[in-house]
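So the sequences go chain by chain: A and B.
Residue numbers for the first sequence follow this note's numbering, beginning at 95 and rising by one.
Residue numbers for the second sequence follow this note's numbering, beginning at 520 and rising by one.
Possibly wrong hints are sitting among the right ones.
Not the full set, but computed from the structure, chain A residues with beta-carbon under 8 Å of chain B [stated by the list, open to error]:
1) Asp106
2) Glu107
3) Leu113
4) Ala115
5) Asp118
6) Leu142
7) Val145
8) Thr155
9) Arg766
10) Asp768
11) Ser770
12) Leu912
13) Ala914
14) Thr915
These aren't lab readings, by the way, just hints derived from the structure by calculation.
Idealized CB from N, CA, C, for every residue including glycine.
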Amino acid sequence: MARRWFRRRRFDEDLRDELAAHLDHRVDDLVRGGLTRAEARRRARVELGAVETYKDLCRETRPLSSWRTMPELVLRDVWHAARRLAAAPLFTLFAAGSLGLGLAATTTAYAVLHAALWTSPGVSDPDGLFVLSTSATAGRRAWRAAVSEPDYVDLARSWTDRALVAATTAFEDGLSGESDTEEVRAESVSGAYFAVVGVGPALGRVLSASDDAPDSPAVLVLSHRAWRVRHGSDPAIIGRTLRMGGQPVVVVGVAPEGFSGFGSQAGTDVWVSRAIATRHKVWTAARSRPLDRSIAQATVLLRPFPGAIHEVEASVHGIGEGLDAEYPRVRSTGVAGSGAPLPPRDWRIATLTDATTADAGRVAAVGYLAVGLVMLVLVVACSNIANLTLARGATRSHEITVRRALGASRGRLVRELCLESGMVAIAGGVLAFIATGLLLQVARLDLPIGNGRVTTLEPVLQGSVLVMAAAFLLASVIVFGLGPALRLTRGDVRPVLGPSVGVSGVPSRRLWRSTRWQVATTTTLFLVAAIMVRVIVVEARHDSGIDDDKLAVAVVVFDRARGQDAAYARRVVDDVLRRLQQTAGIESASASMGVPFGLTITPMATVTAIDAAADGGQASERFHMMPSTPEVFRTLGVPIVAGRPLDSADDITGASPVAVLSELGAREIFGRADASVLGRGVTVQAGGEPSTRVVRIVGIARDTDVQNALSRRSGLIYVPMSLEFSPGTAIFARSQDPGAAVGALRSAVREADRDLGVSTAGTAPVMLAGGYVLLRILSTVTLSLAGLALFLSMIGLYGVLSQVISRQTREMGIRMALGATANQIRRFALRQGLGPVLAGLVLGLALGVLVRAAVRFGMRAPIDVVDWAALAVVPVPLLATALVACYLPARRAARVNPNVALREF
Amino acid sequence: MASGPAGLVPGTLELLILKALSLGPQHGYGVLLRLEQLTDQDLLIEQGALYPALYRLERQGLVDTEWGISENNRRAKFYRLTASGRRRLRDERNDWNRVVAVMARALDAKE
């Protein structure tokens, strides 16, 4: 080994000495010919040519010892490829970086989108799992996946020998551990539920048929997430007694990770047996009228036995019709035996996959759009590499021709070129792997998903993405390695060994075409991303009307069925507010039943002006109503524009009833929102209640968002809490440290009543973010992708254009020799380089407008098909890059003495 | 120079080198000068391209090498034709002449 190494070193030294001697001889000759020594040395080097290439070629003539030929051949090829890549560090860095970043960004984006949009319910064989649904009226397409409890029992009975059938009903209730009570999302399920979905326990046991018995003990199964978050993954949780709805219940198991149930989008926290739920009166239908067929609260899941799918499908309709015939449905009036008859329902079953896909159609559309954008970024990254390879290939054709002329076989050259791009691809892949890992760490987020709920976004690398990424890597090797390799080595060796031939300065048409498309793709991508920019800007500029920066919110839901009536609620609210006022750091605290942004169910009320003669108003309108404590305006930061806010004298039972209207509300009723409205009377009829009451308007408050963030379509009337009661109550605390205030809110509620659950609590920005979070994620992902694409394109464009223009130094030399001025040269270069960029821009802008027109159909928000601002902004960075990339080399070329340019380039 | 410097038909560089060395041992640069002489500077060769060809000839045993001192007192590696190199030159020259004659006849034939 050592001897081989010495031999090799000796060989390299000899080769170096020999070439040095050649240079020395040549320099001597040139000096004799009249050149200065420095000039002679420079010239001699140019004449000698690509020394490293020739050294390589010399080394290749060395004999290889036969018994280690194969590995040595491979090693030699790898070594050569590495040397050549190292000799072009910028190309290598950029090609591998471009590929790596492109792959990393797209895999991450895909994983995030996948986690945000396509969360799977985690059941086994979802295609074999069916959901029963009915349409309210036969023939209508509005399917509803719920039937009444008695309907479910009858259905289950008729399918006993053909399918496993289970029912589930989602509800929410307070779950208490040793110290605190928290509102959880629960499903009350029949014993067959876990067998139907095909999910076993991660710990302990799941519910089974034996839990259906009316006298079975009260048990529950925790979700894996609840177990982890609430109980710190404590295995000793099995057998522990918790309290739900004030009743003891024993934890018997933990569901597996990834199974999120069917209760809510955010995932179910606990599953309790149906028998227990009924006994403990934890859900409305069960507790009031368990046998009422008009209360549809049971979602029926079924898994047909193998081979029985068609039988079950065929029988659904008949069974359903039989039920509707036996128990004719009537329009519910609340009074038994009255009401007009309803037509029979339509019945069907659909696989879980179909049922959820139909629900999420719009989300899926947006998701596909995003995945489309992801693919475009990869296209940009790949076309970057293609362009670079083409541009580099033109320079290398000289080297390759030399080697062909000296007898290297075409196969050998192709192998080497492919090896080079393979190494670039591997480097890109490694880079992508590392970057993706880092990005996925960053993308692990707790997301508010509306109503203050938080779900954990856990993007993981999807198998499908890895396959896709591998396919792209392979394709890049083939397209960017094999393609140019074959092209470069094609045909007979042209007799090109002289320095004058070989480096053709004229860029190939293929390179221009590819540049054009790259620019077009980036432009399109940006125009589409501009939609998202608009959304973000609108969102950022929007003022909800509530000063939510320093606000903490907690929601408590009172339950009349457990004796938590208006008086009790008021006691608790007053107690909590008193505690909060005594807490250091809380500037103001208030409560309201129903709030803006749909945090709780906000009651509706019909508001009618008494003096209907009023000037131009509608006189009677449905408003959202907020029964509030007087401090609410100060706490929420809602200014009073006329009159006065509610005060504590208004908020006592028996006080003269008063109200504050929002500006919009005042305008709708009275046609104006100024002081002239003050003192006028309106009747208020709360939703569902027959009685009306007369209240006097004492103030007008600035408008706020009402139903959702960003919506301001409805009027709002604030009344004192003593006047109305609604079970969903929000408690607000204004503090310089809203995070700490959230804790204060929680503990104040806990101290007021141990069994009362805080259903959600958090800082206002998180709580009120609502469904826009998904949009924001999507926007962020899209924007970063577009930004990356632009970045890659700019670098790619610069690399290609500057290389192409530099290579035309010789042509510029000829032009200058023929009398062109430096200015003309610069113009020539700009025309050369800007042509394809401009063409690409026009193409991309047109494509972008088309895509926007197509996207408009899938989106709720209005989209301008032609967004002039975006059209004006998008081309700027690309054009600027192209200008710089053309101008700099052209300026350099224009400075070169034409003689030198002709001789040396 | 009616048509400019001629390119090189693949494989012919080695033949030319053998010819240049047949006039006596020479170092790399000297081979180059001799080639320019032999071709009346009508053949453009990138100078570096010479060396891989020389190394290949050495590998085939057609030339021998040894380090020596050049005419202007520089250490240089000298190439010398071996017996088999001489034989190869003769064979190749015959082949070449035959090919050229055939090609010339064919191309000059009356149309």
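Here is how each hint holds up against the structure:
For the restraint placing A/Asp106 at the interface with chain B, the shortest Cβ-Cβ distance is roughly 13 Å, beyond the 8 Å limit, so the hint is violated. A least Cβ separation of about 12 Å between A/Glu107 and chain B goes past the 8 Å threshold, and the interface hint is therefore violated. Annotation: A/Leu113 was flagged as interfacial toward chain B, and the flag holds, the nearest CB pair being 7 Å apart, inside 8 Å. The criterion of a C-beta within 8 Å of any C-beta in chain B is met by A/Ala115, whose closest approach is roughly 4 Å, and the hint holds.
The beta carbon of A/Asp118 is positioned within 8 Å of a beta carbon in chain B (closest approach about 6 Å), and the interface hint is therefore held. Because the smallest distance between the Cβ of A/Leu142 and any Cβ of chain B comes to about 5 Å, under 8 Å, the interface hint for this residue holds. Given the 8 Å rule on beta carbons, the hint for A/Val145 holds: about 6 Å separates it from the nearest Cβ of chain B. With a least beta-carbon distance of about 4 Å to chain B, the hint placing A/Thr155 at the interface is held under the 8 Å criterion.
Proximity of A/Arg766 to chain B is violated relative to the hint, the smallest CB-CB distance being about 91 Å (cut-off 8 Å). Hint status for A/Asp768 relative to chain B: violated, with the closest Cβ pair at about 91 Å, above 8 Å. With a least beta-carbon distance of about 96 Å to chain B, the hint placing A/Ser770 at the interface is violated under the 8 Å criterion. For the restraint placing A/Leu912 at the interface with chain B, the shortest Cβ-Cβ distance is roughly 19 Å, beyond the 8 Å limit, so the hint is violated.
Interface restraint check: A/Ala914 against chain B, minimum CB-CB distance 24 Å, threshold 8 Å, status violated. Below 8 Å, beta-carbon pairs count as interface contacts, and A/Thr915 has none with chain B, the closest being about 29 Å; its hint is therefore violated.
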